[in-house]
Amino acid sequence: MAVTSGKRTSVETQRVIGRGQSYGALDDVINDPVLAGPFKTPRWWWIGFAIAATFLAMYLVSIVWLVVKGTGVWGNNVPVGWGMPIINFVWWIGIGHAGTLISAALLLFRQPWRTSINRFAEAMTIFAVVCAAIYPILHLGRPWVFYWLVPYPNTFGLFPQFRSPLDWDLFAIFTYGSVSVLFWFIGLIPDLATLRDRSRSKFQRILYSTLCLGWNGSAKAWQRYQRAYLLIAALSFPLVLSVHSTIAMDFAVAQLPGWNNTVMPPYFVAGAVFAGFAMVLILAVPLRKAFGMERLITLRHLDNSAKLMLATGLIVVYGYIIEGFMAWYSGVEFERYMIFNRILGADHWWAFWLLIACNGVAIQPLWFRRVRQNPLALFIISVIVSVGMWLERFVIVSVTLTKDFLPSSWADYRSTFWDWSLYLGSFGLFATLFFLFIRLLPSIASTEIKGLAHHDRHYGSDAFEDIRLDFHGRNRKGAGP
Amino acid sequence: MTIATAGTSLYGLVAEYNEPEEILEAANRSRKAGYKAIDAYTPFPIEGLDEALGMEPTRLGWVVLIAGIIAGLGGFFMQWFANVEFYPLNIGGRPLNSWPNFIVITFECTVLISAFTAGLFMMGRNGLPRAYHPIFNTPNFESATRDRFFLCIEARDERFDLGATRSFLESTRPNAISEVEH
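Residue numbers (the working numbering), protein chains in the order written: chain A, 1 to 481; chain B, 1001 to 1182.
The set of hints was computed from the structure by calculation and includes no laboratory data.
Accuracy of the hints is not assured; some may be wrong.
[To be verified] Some chain B residues flagged as far from chain A (calculated, every beta-carbon gap over 10 Å):
1. SER1009
2. LEU1010
3. TYR1011
4. GLU1022
5. LYS1036
6. ILE1070
7. GLN1079
8. SER1098
9. ASP1157
10. LEU1162
11. ARG1173
[To be verified] No farther apart than 35 Å at their CA atoms in a straight line, the calculated lysine-lysine pairs in the DSBU-like style are these:
12. LYS220(A) x LYS40(A)
13. LYS289(A) x LYS69(A)
14. LYS1032(B) x LYS220(A)
15. LYS1036(B) x LYS220(A)
16. LYS202(A) x LYS220(A)
Don't be surprised by glycine CBs; every beta carbon is placed ideally from N, CA and C.
Hey, can you work out the whole structure from these sequences and the hints?
In structure tokens form, the structure reads like this:
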């Protein structure tokens, strides 16, 4: 509370949207950074973009090397056939989930605070899905024939194996990726029309006129638009739950101790949302500062995202406990040894305890409002959570595989340089796309935010707002008028 | 595009307002005055504006429902066909039509097709992509995506009369009224 009650001049606010912003002013705050000429691009953007592009180059080199030499450049080997490519795949796709949850689930639950963060969270989803989807394709070994997974009339006279979760994955990820792009684009159409009408150069005029498809904002158009948007949101919500459940079934359907577990689908979904909200905060904290959008992405948004991160984090911790309990309760020797090896095994005990520290302990400060409203603290916790979620997948995917049934087939997993260059490179792909996005498209849905401002002016933007202010009134008493 | 000739080239009369409430009231009054070919152009969707203009609810939901059912049945059929009819494989004596295994792909097909039906139906019925629309000839129409609200009574309306309609619109106290041509 120190920030808001101490200095009255502060731009920070507890509300979903800062008070008294006119439609035109909202437009300007959101669209000015997009419409500024190329020479007015801020320096931080160029620096960030250059770093991102460098990593992207490393990514491309790693892919070329992989295709030239084959999957032997990775550390994957018997018995650990699923190494870093699958860990990274699960990690990236999990990150995407928060974007869909914000844009679809919070829309259906009529949460007004979704409005300022949904657009960039959706972009985050799409870019994360791109980063994720490339991994299993590369992992096929012969990525150029990945389309064999798709059912199509072919000269082999074969269909793919529809009973395999690996083929479910293809359908789930393809559907998720394309529906996310559709949802994002439909949401962008009115904003692109706004940019068309504000454009300052011929390039912008042509770009945004083309992309907005000639949107004119008529009442009939809005009526269909809103219905379509709502329906796609309603379809996306179960979709996002299905995607990570399907990925969890890649593991759960196998008979391996540590994978064959009914808790996997819900536990994976919670982990995905957890990691996703961490990434939302990692992106939101610098973004709001860089573009001066503190009155649109307010402390309230950070607070709520942190609460969701805490809640899903606790579900994940519950998942860890249940994994251990089920291993003991099953009475199966191999299951019990799997958990023993995870927690106390000589090779990888550190990974397990580090992930407990990252995912279980590091989120506990989020119980405190002061922490939830401190952008820097949130940023740091979110980075820790991202590391923790990577470690979780490492433990589930690879550590499990090192020691299965027969001690004679046990072997350790060692990642290689190319494993890491591909992983770090994928950050380059993600960041390059994200930097291009914040430069060329509005990172906040300007149309929706105007609707929210209108609603806020007449009815307030939150039914609980008055109650909240009363409840925290003790903090505000000393603050003066 | 038709060649502009005097008298026939008028698209409609367009009134500009500052606030959503003003256009909502103007829309209600236009409907009550018996105008049918009316439309409003706003920077963000305004609750109740479609009803105020006398618009029927969209059929989009029904179209999506039908598309989703067909896609779900089609997705299941594809897997049933592949495993039971086209290339039956006996694996451990398990049933060929092992339907629980087909649910995920059936679900994904349903979502994929119904979401794209919703999106494409919306675009198609709204006439997108569209290179030209006469409403863009309205002076200051750039503000329709910023902070102004436009109501158009189209010339094709039976009750449209340049003088009478203009004075009717004036009674709703707009910022400006303009005659917009095709």
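Do the hints match the structure? See the list:
{"no.": "1", "hint": "SER1009", "result": "holds, 19 Å"}
{"no.": "2", "hint": "LEU1010", "result": "holds, 18 Å"}
{"no.": "3", "hint": "TYR1011", "result": "holds, 12 Å"}
{"no.": "4", "hint": "GLU1022", "result": "holds, 13 Å"}
{"no.": "5", "hint": "LYS1036", "result": "holds, 13 Å"}
{"no.": "6", "hint": "ILE1070", "result": "holds, 15 Å"}
{"no.": "7", "hint": "GLN1079", "result": "violated, 4 Å"}
{"no.": "8", "hint": "SER1098", "result": "violated, 6 Å"}
{"no.": "9", "hint": "ASP1157", "result": "holds, 15 Å"}
{"no.": "10", "hint": "LEU1162", "result": "holds, 22 Å"}
{"no.": "11", "hint": "ARG1173", "result": "holds, 20 Å"}
{"no.": "12", "hint": "LYS220(A) x LYS40(A)", "result": "violated, 38 Å"}
{"no.": "13", "hint": "LYS289(A) x LYS69(A)", "result": "violated, 44 Å"}
{"no.": "14", "hint": "LYS1032(B) x LYS220(A)", "result": "holds, 18 Å"}
{"no.": "15", "hint": "LYS1036(B) x LYS220(A)", "result": "holds, 13 Å"}
{"no.": "16", "hint": "LYS202(A) x LYS220(A)", "result": "holds, 30 Å"}
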